[in-house]
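Novice: So the sequence lines, in the order shown, correspond to chains A and B.
1 is the number of the first residue of the first sequence in the working numbering; add one for each residue after it.
1001 is the number of the first residue of the second sequence in the working numbering; add one for each residue after it.
FYI, nobody ran anything at the bench for these hints, they're computed from the structure.
There may be inaccurate statements among the hints.
[Said to hold, decoys possible] Among chain A residues calculated to face chain B with C-beta under 10 Å, some are: (1) A187; (2) G191; (3) I192; (4) E216; (5) L240.
[Unchecked claim] In silico EDC-like pairs for lysine to aspartate or glutamate, Cα to Cα no more than 16 Å straight-line: (6) B:K1134 <-> A:D112; (7) B:K1176 <-> B:D1196; (8) B:K1152 <-> B:E1194; (9) B:K1176 <-> A:D112; (10) B:K1281 <-> B:D1298; (11) A:K197 <-> A:D12; (12) A:K242 <-> B:E1081; (13) B:K1152 <-> A:E44; (14) B:K1138 <-> A:E216; (15) B:K1138 <-> A:D124; (16) B:K1138 <-> A:D94.
Positions of the beta carbon are idealized from the N, C-alpha and C atoms, including for glycine.
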Amino acid sequence: MRIVVCMKRVPDTESVIRIAPDGGAVDTADLNYIINPYDEYAIEAALQMKDADDSVQVLLLTVGESAAESTIRKGLAMGADEAVLLQVPKDLSDPLGTARLLAEWLKANPADLVLAGKQGVDFDHGAVPGMVAELLGWAGASSVCALACEASHATVEREVEGGRERVRLPLPCVISADKGLNEPRYASLKGIMGAKKKPLAVVDCAAQSGALGSLEAPPARPAGRVVGQGAAAATELARLLKEEARVL
Amino acid sequence: MTILCIVDVAEGRERPASRELLGAARQLKGALGCQVLALVPASGDFAHLGAWGADAVHTLPALDGAFSSDASAAVLAQAVETLGGDLVLFSAGARARELAPRLAARLGRPLLGECTQLDATSGLVATRPIFAGKVLVKAPVALPAILTLRPKLFPALEDGFAVASQSLALSQGEMKAVVTELLAAAGGKLDLSEADIIVSGGRGVGGPEGFAPLESLATQLGAAVGASRAAVDAGWRPHSQQVGQTGKVVNPTLYIACGISGAIQHLAGMKNSRYIVAINKDPEAPIFKVADYGIVGDLFEVVPALAAALA
Ligand SMILES: Cc1cc2nc3c(=O)[nH]c(=O)nc-3n(C[C@H](O)[C@H](O)[C@H](O)COP(=O)(O)OP(=O)(O)OC[C@H]3O[C@@H](n4cnc5c(N)ncnc54)[C@H](O)[C@@H]3O)c2cc1C
Ligand SMILES: Nc1ncnc2c1ncn2[C@@H]1O[C@H](COP(=O)(O)O)[C@@H](O)[C@H]1O
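Please take these sequences and the hints and turn them into a complete structure.
Specialist: Quick look at the structure:
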């Protein structure tokens, strides 16, 4: 079985995000990048299938700029076999553009299963996996928190408002991972050393994102206010909630 | 020009978020000079959606029965082509996450997800948070386009009239992915994204049984219970209750954070709550920086006292 995991790099979730002087982009100068957290669940799911069956091959697929290589190596260090970077001049912020590049590559390089994250914690689209599935004419399921895969179909569970549903899908399909699917492993020292020698093919693509729009800082919240100390302050809090905020 | 609102149905009724969707569409109607259609992916009589702002209601009996994201997206695409839909609106949620990207790819249209504000004063501009709300983008929307709107941010406006509800005769083709089972039904429990009040607990709650006073306050207030990642990772609460960057983003009227320090990834999920209450024994906890009302103290004393004061 051939599994392709779509992964991308994103700024560390602790990062302060600065807006570029022209107000139309994020200033990426000082950002420290990590594997998108949801993509780690996808990589882990693929590696667990590989642990259970030697014949499973795991390929990491990224659309990104050349600097994405170091993040891809981190995914290889976790245990993936090889990687392909669809290299663009600048990281894309447009999900349909990204999905088209991924789908085009997948058409030429068939996989049995495509795993992805539920959402990039950069532009928070949560759109690419579903778009890739549709462009390929494949089945798909988003935000899955349980996955069992057999030769011809997969069974997944996903959270929906007010419950959890089970979905059965024929392979090939695109499945996006939610937190809760598994606990991603840390790369071992051996894995990190080995990752340097694993194949990472770079394919040049010319795609560019359209303009994002105008970026601004969210309105600041008023400074916090402490009502009091301990249980004695509860009465005052109750009064404020009823009379000042009028939410109760 | 047409705005097509895809109505989310649960147990035969529209979800409250779908009324907000119609409210949002109606606010655009004047500026964009368009009609507002409600498209209900189920059978039934939904004429009452006119009262919430639909000029006409169309049901899709073909989509009754088992849910299939691929087959439903194909039917929705035909419905958009039949009815028109320069702007297609979904309310952000589990179904929209399955359908909107597919519809966008199928129709070759841009998708702007999880919008928090729409402005039609000069062209249509959608605001969406990125980087977990650290930055807002105001994006000009080139029509035709597909948008998903976050629940609890747009007003539901009930002052219209019932309109005719017609059924759209489209047939569903092959289904690939199929929902086979609903595992945990809500049992009347509020979903976090729909709750007006959320009582949330973190590592400070100390263990699964420590949530009892929070549960009891939540029941008293008609609130949902949330949790920090620390509480979820410890196995005290299910992942569905996690609030934050890798959990749910919520916009309740009141968010009561108990024993939660206020890490940046937690704030990402709740800092747009209208009012934030923090109960924490550490006066230096960062949650106090965003709390409208903070109490420094032991949650096991403060939470029951608050429940008593509100009783
Ligand atoms: C990629 C990534 C994604 C993440 N996503 C999320 C996310 O979605 N949601 C999330 O919440 N976190 C997320 N985190 C984790 C986040 O960084 C914090 O670790 C987490 O929010 C801490 O949870 P906490 O506030 O419950 O615990 P702590 O930070 O340990 O805080 C516990 C607090 O309880 C107080 N306390 C203890 N006992 C009492 C008592 N008896 N009465 C009152 N107060 C008491 C303490 O003073 C302390 O402030 C993420 C982290 C990463 C790296
Ligand atoms: N540039 C990219 N390269 C590879 N995979 C991507 C890329 N962008 C998004 N994805 C995949 O799609 C998921 C959802 O991303 P998004 O739709 O951008 O929120 C991510 O978690 C990745 O698995």
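Novice: Starting from the hint list further up, note which numbers the structure goes against and sort them upward.
Specialist: 1, 2, 3, 6, 7, 11, 12, 13
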